[in-house]
Amino acid sequence: MALIHNFVFQGAQMLLVLLLAPLLTGFVRKVKARLLRRRGPPLVQPYRDLARLLRKDVVLAGNASWLFRVIPYLVFAATWVAASLVPTFRSGLMFSWTADLIALIALLGSARFFLALAGMDVGTGFGGIGASREVMIASLAEPAMMMIVFAIALIAGSTQLSTMAAFMNSPEVGLRVSLGLGLIALIIVAIAENARVPVDNPATHLELTMVHEAMVLEYSGRHLALIELATFLKLLLYVSLIACLFAPWGIGAATADPAELAFGVVSYTAKLAAGGFLLALFETAIAKMRVFRVPEFLGAALMLALLATLLRFVSRSF
Amino acid sequence: MHGLTFDVAHLLAGSLVVVSFLELYQDRILALINIYAAHAIVLTLSVAWQAFIQDAPHLYITALIALAFKAVAIPMGLRQIVVRLGIHREIDNVVGVGLAMLAGIGLVALSMVVMLRVTAEADPLAREDLAFALSVVLLGLLMMVTRRNAVSQVIGFMSLENGLVLAATGAKGMPLVVEISVAFSVLIAFIVIGIFLFRIRERFDTVDVQALDRFRGERR
Amino acid sequence: MTMTIDALESILVVPLLAAAILAVLPGYRLTANLNVAAALVTFLISVSLFWMEPHSGDYLLVDDLNRVFIVLTTFVALTTSIFSASYIGHEIEIGRLTPRSVRFYHAMYQVLMFGMNLALIANNIGLMWVAIEVATLTTVLMVGIYRTHEALEAAWKYFILGSVGIALALFGTILVYMAARPVIGEGAGAMVWTTLVQHAARFDALLLNVAFVFLLLGYGTKVGLAPLHAWLPDAHAEGPTPISAVLSGLLLNVALYALLRFKMLLALNPAAIAPGPLMVTMGLISCIFAAFMLYRRRDIKRLFAYSSIEHMGIIVFAFGMGGPLANFAGLLHMTMHSLTKSAIFFTVGHIAQVKGTQKIADIGGLTVTTPLLGWALVIGVVAIAGLPPMGIFMSEFLVVSSTFARQPFLAILLALGIIVALGGLFLRLNSVAFGEPRGPSAPAHASYVPMFAHFAIVFAAGIYMPPALVTGFENVARLLG
Amino acid sequence: MVIDSLYAVAALLVLAPAAIALSASPAGRPVVYGVSLALSLVLVAAAAVSLVGGQQSNAVLPLGLPWLGAHFRIDALSAFFLIVVNLGAAAASLFAFGYGKHEEFPGRVLPFYPAYLAAMNLVLLSADAFSFLVSWEFMSLSSWALVVAHHRERDNMRAGYVYLLMAGFGTLALLFAFGLMAGAGGDYVFDAMRATPPTAGLAALVLILALVGAGSKAGLVPLHAWLPLAHPAAPSHVSALMSGVMTKVAVYGFIRIVFDLAGAPAWWWSMPVIVAGAVTAAMGVLYALMQRDLKRVLAYSTIENIGIVFVALGLALAFKANAMTFAAALAMTAALLHVLNHSLFKSLLFCGAGAVLASTGERDLEKLGGLIHRMPQTAFVFLVGCAAISALPPLNGFVSEWLAFQAILVSPQLSSWGLKLMIPAAGALLALSAALAGACFVRVYGIAFLGRPRSDAAGFAQETERVSIVAMGLLAAVCLALGILPGFAIDVLAPVTQLVAGARMPVQSGVEWLSIVPIVESRSSYNGLLVFLFMAASGMIGAYGIHRLASDKIRRGAIWDCGFPDASPVTQYSGDSFAQPIRRVFGSLVFRAREVGEMPPPNSTLPARFAAIVHDPVWDTLYEPLNGFISFATEKLNVLQFLTIRRYLSLVFAALVILLLVLAAWP
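Chains as they are written, first to last, in my numbering: chain A, 1 to 318; chain B, 1001 to 1220; chain C, 2001 to 2481; chain D, 3001 to 3667.
The set of hints was computed from the structure by calculation and includes no laboratory data. Each hint should be verified, as a subset may be incorrect.
[Stated by the list, open to error] BS3-like, lysine-lysine: derived pairs with alpha carbons at most 25 Å apart:
id	chain 1	residue 1	chain 2	residue 2
1	D	Lys3636	C	Lys2359
2	A	Lys288	A	Lys30
3	A	Lys32	A	Lys288
4	D	Lys3367	D	Lys3101
5	A	Lys56	D	Lys3553
Isolated chain A, as found in the complex (with noise of 0.2 Å):
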């Protein structure tokens, strides 16, 4: 009976996360759109274009390989799998302890890794340069990365995020500096992975400024699809891993009755529209910068989350 309970909430985590992920996206659009005062599409824009993607045929380069048809489905399985361990309306899920943070991030850097790759099946310029820059950007997102889950996990005393979540719940976290500076470098790595401005621009297609998009231009048809989704699902993801950590309020516990989760899930779409908002905000609010400036902002972060690790020390909490 448990058990069956028990797979019930995760296949309904992982739907949610399905689901929710390109109302998100569609949401930031919109809210972008109005800033700058247009219509902007309709919130629901995003399904359309996935729908129509699927019904379309695939139209590959010639000399495309396998590899480049399969890594469509890895990205996604990958992200998926990923977006589907981040507690969001109730943490102590079923499989929530097969993946901690750090296999969570090394998941969505296998996703990179085989999209990077996919960029340079067809040898075109554009694939390798999104390819390259990727990686470059990865090289430094990545440590940063970690090193936030070191300042958390090193305060929480685990890496497990239905732990680290209930812990950021409990009282005995206080304020800290580094929690702080973890916060800041979190959002910073999370526009980069999601490759937002003023990192890159989901928008843009010109060869010169885009990363991702540069990565994923010969796709088409049902991978781009696939692609897109998975995008979706990361930008939820980081929304979502932001929210669990740093306002972990209501999430429901295992042992929730059905009122709890309501509201669990209440607040965690509240969370989503909150993030997606700022992000909108941010994202208006700032211009794109030069790919050679990129390192300096991640440097940043990757600072910031090391004297996080570091400064952990100096303030238990007051």
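Assemble the complex: chain A is given as a structure, and chains B, C and D must be docked to it using the hints.
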């Protein structure tokens, strides 16, 4: 040990050292050869005296060899060579005479210091003898390294060897002395002949390094 | 008892007889084989010494120390004579040697053997001196045998420096006699080794010190210690290769043997200065200096001559350190070095004949053109550089580690020398044995038996040492104190 | 067990000279490699039995030092490393069945190959300093012979030369370390050393010497310079052994000396180890990113992984010194597991490189490309290797790095503040190198196997031999197996950690769903199996659903060419251009990297040129000065070869006078 014998031996040994100094001082080859002859004669005398006081007849042989071979034969041979090679006007000191003399004095002092620290049980005659012998040896070496000319180097070697003979004869009752002196005479003969045969032009050492390279089959 | 004396003397008599006969016999084939035969007989007799209890007469003695040296000497002499048979044959074919000079060469070879054996079994320090000088002078003559300008120049250099060495050694010997006379009394008794050892404790210490300085320099010149080494590289490079092999493999050892005898004498006298530090210093200087000298060598035989200096340095260092372990290591290293180095010279001799030159620049890719010789050279260098599984690794391991426990700094210096030498040797080996073949190459008619026999022994010793040999070495090590 | 292993090793040693004769005929090759394969499998079996059986066995042979004899032993530690070594050896031998066909001079490879295997095994088996060092140096020597097998390339000879010198240097360092532990008595048996550990000061010295000695063989920065020269120079299956296996033997030497023989560690011991490891990891992977030569990239990545191992070892040392044995066990497990993993995927990658080299004759990345079409199977296994070495879940590389991070997360419980602050920084470097490793292997795979062929050689490449594929496939399979079922490996490692770290990790086999739990589940846990199943399932579901419900049609079209049709392959991203962003970020700092580009004047037909110049700081600052000193000293001393007789005499004279002065000054 009665004084006179001792003093005479002492005197002869000492004068050998003095003659070595003369060699060091002299830079004309022909004159040098003459002085070497003198050196050999002094050696002869001292060996003979040793033979007398130790009443060791075999030492007379050594003395004889010294006289006949070193004081007469070798110098003549050397003169021949010098004349043949036409180097009788050579002045070949590497360092100035004064410096050489100073070094020589230093060496004598050194050998004194080294030898006279020897405890007194070793009988005084032996001590004095050894001290002088060592000085002669060192002076001979000094001569070898301060002269460029093959002939004068040979002379240096020979006076070195005279010092050895002095020491050997001074060593009371030492066996094989005669044999050794013979062996050395042969050795010296070899060297002299070597100079003569191989036409070692007036010097062992060539200043011209290229030539040395060629000899050694080495390039620098 | 009488029989034993006969055995001892026959070690001297056989070479002398052989020399006399070889001096008159014509025809190189016959003489060469006779040479081998004589060497073989001498070797067999010397082996028989192992079954002879230590014994000393007025002029000759046999004890654990010189047994080792004698057997080693006669063995290498034997293998060298085999090698020289084929080597000299080739030299005659290409006309570098005339039959007359070959006759002279073989006679001298046996005289050399006589001299070395005499030096090893002499019980009288004067006799030992004479013997070593005989050996030296014969080698001088053989170095000059090619009559080329280089050869004569090398021989001359060897002759002059050697003579000075002779003189110094003699002076040292006289001083020892002077030191012994007051205690033992006048006459030959005061030069007999065994008597000296008995009374050494009561000798005049200061006199002994001076004596040792002269002996160290005199015999050290023969051992080839820097800075007295100057004759060694040229003599090795310009003489016929069998002589290079004998020089490196044997003559250096014999001189070292003399040095060891006197070291024992000093060690027995409490008041005398410890000979150790002097030997250690000279050993280190020689080792490191020679190691650096390896780098710019252009002549392959001179290269290995310098390596001999380096190894002599290591051996003298080991004996200078003293103590059972270091002495054992020194003996082992000496044995291994003689075998290896002579084998290397066998190889190099054939290589020089095949390539028609000794210039490293004109030799290359030997493992391609003449694989057997090439790989023999590789094995030799591997062995001489002290890499396992060859025997020298074991001795170097013992020297370095035993020193490190007592004098870490010295050990580090020694290790520096060893590693620098490794670099120098392999720098040359790479260009000689590997890479594109260079220079013309004649077919090789080499006698491989001697070199590979040596390598086999060295290899075996590196892995397994028979207990008998070990006990023998240990006794000697104890003797050396 | 040890006796059986020794028999096997002896058989290898016999095989070596036999191979000289065998190498003459083409039939000889399979014999040599076949026997080697069989023997290494035997050795694996023997080691496995004694590791699982948990009993150690000794043997003393009357070899080596006469009064000491040669001592041999198999305990848990050596058993584990024996497994690592001989697994690699077996794989390499199997691969060589096919690869050996392309060998130009079998006579220079076959005899040394078994000797090399034997030497590595002997190092692990020997239980006294002498036989250890003999085997150690013999290992260097035999591998040197293999490095110079293709002696006609000058670079190979240079590589071999540097290699041999560094090996000799390392051996001397180890010799000193053993000399210190043996003491003046000269008792070189490990048991005796263990019985009387050195005093604190000496032990510290031993640690440094071991770090230098073993580190120079393992390739720790700055002693790594020989490694990227030597490993690629050897035939590829040998490179696989040198990189995948021999470096592990060096790690074994370090563990044996520092954890087993040198006594209880002091609190600061871990610092030099961790620093060296972290720097090595970061530098190694940065070097790797800058290389053009495929095999050299792999060699540098070996340096990186060695760095990771040493960081983990340092952690274990720190925890051991603080009596936190559970954490020490965790860190040590991470180190050992990474040793095993790296030996697997590095062998796989080198074999792959060998296959590429054999079928294209190219090692230069800029001349490869598109091989995934020509050599699909090789491409697949190579991809697995790349994913594994980039520490991607659910493969094995990730597991060991994950464990290392878990160990780092325990560090706050250490008492020393220095370590508290240093270890996270080291963790940052570790994370950095992990990320860069990902970038590095995207580059390698993307340039070599994907895209379009950059040369005819790559364009007409053929798939390599079946047997080689099998060898690589097996390695890949093991990589996956260890990735999804790490628990078993961890449990097998328990006796080893028990031996060297004094504790073992909690039993994993009991954990539900076969996940691994380093300390407690609430703290951290990872389940490779489920991750694998999850990804497989969701990928399948996605694919199936889409193909069923939406379209599954494919049209082939031209590449999006931006309006410049059929651009030549040269317009692809090259290895250098791929590395450019990272080179700009890190390179200018670490390598003084410069980019020189020359544009032709307008409307001239000359090509534009571009070159990226990268310096190796270590080489410039350490090796060049040394080289300069040697040549200076030799130049100066060489004068002494050309003196005149008189000057030589004056040397003798000077020596005499000096000695007499010494006497005169003597009290």
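Does the structure keep A:Lys288 and A:Lys30 at a Cα separation of 25 Å or less? It holds: about 19 Å lies between the C-alpha atoms, which stays within 25 Å.
Verify the proposed pairing of D:Lys3367 with D:Lys3101, using a straight-line Cα cut of 25 Å. holds (23 Å)
Quickly compare the C-alpha distance for A:Lys32 and A:Lys288 to 25 Å and report which way the hint goes. With Cα atoms ~15 Å apart, A:Lys32 and A:Lys288 stay inside 25 Å; holds.
So if I understand the rule, the pair passes when the alpha-carbon distance is 25 Å or less; does A:Lys56 with D:Lys3553 pass? holds (8 Å)
Pairwise hint evaluation, C:Lys2359 against D:Lys3636, where the allowed Cα distance is 25 Å at most: This hinted pair holds, its Cα atoms lying about 22 Å apart.
In summary, this structure violates none of the numbered hints.
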